[in-house]
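Single-letter residue listing:
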Amino acid sequence: MKAEYINPFIESTINALKTMAMVSPKREKLQVKKDGESAMYDISGIIGLAGGVVGSVVLSFPKETAMKIVASFIGEDVPDVNKDVLDAIGELTNIVAGSAKKIFYEQGHHFKISLPNVVYGKDHKINRARDVPCISVTFSSDAGPFAIEVSLKEVQ
Amino acid sequence: MKILVVDDSSTMRRIIKNTLVRIGYDDIVEAEHGVDALSKLDGVGMVLTDWNMPVMDGLTLVNSIRSNDQYKTVPIIMVTTEAAKEEIVVAIKAGVNDYIIKPFNQNTLQEKISKILGG
Chain A
1 MKAEYINPFI
11 ESTINALKTM
21 AMVSPKREKL
31 QVKKDGESAM
41 YDISGIIGLA
51 GGVVGSVVLS
61 FPKETAMKIV
71 ASFIGEDVPD
81 VNKDVLDAIG
91 ELTNIVAGSA
101 KKIFYEQGHH
111 FKISLPNVVY
121 GKDHKINRAR
131 DVPCISVTFS
141 SDAGPFAIEV
151 SLKEVQ
Chain B
1 MKILVVDDSS
11 TMRRIIKNTL
21 VRIGYDDIVE
31 AEHGVDALSK
41 LDGVGMVLTD
51 WNMPVMDGLT
61 LVNSIRSNDQ
71 YKTVPIIMVT
81 TEAAKEEIVV
91 AIKAGVNDYI
101 IKPFNQNTLQ
111 EKISKILGG
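The listed protein sequences correspond, in order, to chains A and B.
With my numbering applied, the first sequence corresponds to residues 1 to 156, in that order.
With my numbering applied, the second sequence corresponds to residues 1 to 119, in that order.
Be aware that one or more of the hints could be misleading.
Below, computed lysine to any residue pairings styled on SDA-like, alpha-carbon distance capped at 20 Å [to be verified]:
(1) K68/A <-> S10/B
(2) K18/A <-> Q106/B
(3) K18/A <-> I100/B
(4) K102/A <-> I100/B
(5) K112/B <-> V89/B
(6) K26/A <-> A83/B
(7) K102/A <-> D98/B
(8) K17/B <-> M22/A
(9) K85/B <-> G51/A
(10) K112/A <-> E87/B
(11) K18/A <-> D98/B
(12) K102/A <-> N52/B
(13) K18/A <-> A83/B
(14) K112/A <-> A91/B
Rather than coming from a laboratory, the hints here were simulated on the basis of the structure.
Chain B on its own, in the form it takes in the complex (with noise of 0.2 Å):
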């Protein structure tokens, strides 16, 4: 399965891929904001997205993506250091399936991404 990680930070990308590859997913493609992102769905089974980022910010990428028939369905976690409940609300109610918030221990990256991919 083919999964998009995006984030303007190359070093959160890398920790990302880093965890993806130790659980067995190694078809990663790589995004630096939601514009660049959206050129880049074709074919991906998951995305992985920050919320603040130049260009298009995370919200905006779920909300395109929520939109667009070919990928609405596909399961989207954001990772994001936006952490108050009125901010986690928004991003539930514009469709992201689960939530991580920086900062966060690898393990929980990889139960989070498990129980998605896994169930």
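This is chain A alone, in the form it adopts within the complex (with noise of 0.2 Å):
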């Protein structure tokens, strides 16, 4: 996976954050993922990808960051993680999926997303195809830390 295919989703992921959460990001560290690693917290927002490029868009928050971020979301208060924050997490991975879809598309990748799932759980696990790999990029906010992990390939 080239390094270059994650910034798309770095800039998309500040970008939905600000103009729809009021939230502004900063990002910290970029790893590779190794294959049956968790994800890196409580709430993941899952998209697949399929056309030109393979893979899947994760983004994954600590319990306590996803209430902030979809309080300031939805301009309502949040007491606990319900269906409505569920479902904000997966419209918010929606967001940061298409916008990137947008600038690659620009770069002549052309690809679809699916519709998004949202799992929540301690230590839950994403199961990715084995011969593509992952990279995860850390953000700290003033909500909280969260994650975003791409794992994706070309199509010869």
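Take each chain as given, in its own frame, and dock them per the hints.
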């Protein structure tokens, strides 16, 4: 996986959170994930990518960060992780994947994105294709830490 | 005026609904996908719809509305992550009156709705 493939997702994540949730994320560590490693945090939004590139993008949040971001996103108090929080994380993942898709499109890579799925639970695992490498990027923000995980490869 | 908000995400429907209420429109009907929307068109004066949805997507919904004599002039705004020029052209050709790309600033949403309903 080319390192430059991660940049559209970083850019789209920062832009989506700033525009829709008034949260300003700062990029922290970038690392390659090993097969079978758990998701970084408690709640993960997942979207599949298929076409000229294949893979997935995951936005993973600790419970507390997710609740703060979603409260700001919908403009209402969030008392706990309920179905509204899970739906909002799915929608945020959708917005990030959609924005990144546009950037890739302008660079000549065309692909479609799936509808989002959301997983909630400590140490949940996300099963990815074994031959598709995965890079994770952690962020800090005024709402707390979170991470994105991008697994992607070009189709010949 | 009754406004129909179509999106499979309850979060997005809520954000759009809150904006509509803020600018004075509180007669709002919600639908989760195109098929659901088609059954709720009666008396609707405007439709805001997402593109990517299960069951029936927003583009198919727009084509269905535009081919129905009773509703073909109802203003439609598409609110979507589909942001490539080619996709916007497809939506405009299908008959949407305006197009909002997610992520959007709530002021943008407010301006586009006011432009269509006020003009």
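Hints the structure fails to honour: Result: hints 6, 11 break, sorted rising.
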